[in-house]
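With the hints as your guide, set chains H, C and L onto chain R.
If you want the building blocks of each chain, they are given just below.
Number of protein chains: 4
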Amino acid sequence: MAVTGGHESCGHEAGHHHGYITARENYLRRLRRIEGQARGLQRMVEEEKYCIDILTQISAMTKALESVGLELLDDHMNHCVLAAARSGDDAEAQAKIREASEAIKRLVRS
Amino acid sequence: MAVTGGHESCGHEAGHHHGYITARENYLRRLRRIEGQARGLQRMVEEEKYCIDILTQISAMTKALESVGLELLDDHMNHCVLAAARSGDDAEAQAKIREASEAIKRLVRS
Amino acid sequence: MAVTGGHESCGHEAGHHHGYITARENYLRRLRRIEGQARGLQRMVEEEKYCIDILTQISAMTKALESVGLELLDDHMNHCVLAAARSGDDAEAQAKIREASEAIKRLVRS
Amino acid sequence: MAVTGGHESCGHEAGHHHGYITARENYLRRLRRIEGQARGLQRMVEEEKYCIDILTQISAMTKALESVGLELLDDHMNHCVLAAARSGDDAEAQAKIREASEAIKRLVRS
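Chains as they are written, first to last, in the numbering used here: chain R, 1 to 110; chain H, 1 to 110; chain C, 1 to 110; chain L, 1 to 110.
No wet-lab data here; the hints were simulated from the structure. There could be a bad hint or two in this list.
All copies of an identical chain are treated as equivalent in the list; a pair is satisfied when it fits inside any one copy or across any two copies.
As the list claims (entries may be wrong) - Result set (DSSO-like, lysine-lysine): computed pairs, CA atoms no more than 27 Å apart in a straight line:
# : residue 1 : residue 2
1 : K49       : K105
2 : K49       : K63
3 : K105      : K63
For reference, chain R alone in the conformation it holds in the complex:
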């Protein structure tokens, strides 16, 4: 499996690509901040803050969420797609790319 750089996040059995742990901590920290933004928005609504100020927070939160998504996508291509391509399993590599394309479509549309 090493040859496919196999790790759960590539849909393979455990084992980690180099630097994955630190990346994970970085994602968790950002997602915790995003969770905090969601709580902050509830407070703003409860306190009937000005709708425009709430909208500003919503845009900031959306941007933060999208940048996590864009980084995850980059990881997917650098690890899952490359690992499959290197392994010489073209069908697998193309399947990974198809999934990435679908995910990109959802990100662009959302």
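Showing chains H, C and L alone in chain R's frame:
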């Protein structure tokens, strides 16, 4: 203040436009769900779920957040902008519209 | 009709709100540039330019198109919505706002 | 260069990956339609069509443009990224992925 339909969320002193309370409950319920999605994403990262599955959740959360934003914007126009326009205070109405336009720009770009 | 600031672009009979002509020239100039970008993209594809360079042009063209849309929306609110609100015709004003909200939704989603 | 599936659109010297010609015709047809939409928008502005109707066309045109972009991106990954990965040139493959990630960021933000 009735003339400007004045309520905190229009940047005026307290007092509520009809139906605002129920709208607020609806926003809070959706924002709590969004907060839950943020926690769910952290769980997925901790459990090293497949990046593509995490991305699917991120797109769903972004859509949910945007739809809250679009509804808040609609409220802003129906209450804050209309109230200012009805009050005959054009400068105020145009200021409210300018704020809305800026918020729309941020939503479209984010 | 003056009271509703009536002009075709607000779905009323002819007559123009101040500065509309200059705004129109500005829109036409930008749309002609966008048409030129569409031709430039065809040239790039015919010459088999690098896909990433074509994508850069597509993003620039999308941004230009969106900024025309955002300005039209701002005009709609400043002229059509305000005119209807000033005329005291609330149903009409709310209808204009509903249309604006639907248009914003399409811009954010696209 | 065959090994890198090299063709201009991958930033390599000429030579075409299978089916590229038909893909190119498909892109050109869609870009010509988009150019037509840009002309149609100018007509609508000249005839002072209702702003909301113009906005509807702008959203349709933006969607058409984005779908061309998403397909080009998919091509880039399936041909340029895979070709580089297969060639065993990891630095090259990672460079192609970096370019793709940057392009995706611009598409999501635009």
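Quiz item: Taking each numbered hint in turn, which are not upheld by the structure, reported in ascending numerical order?
Solution: No numbers; nothing is violated.
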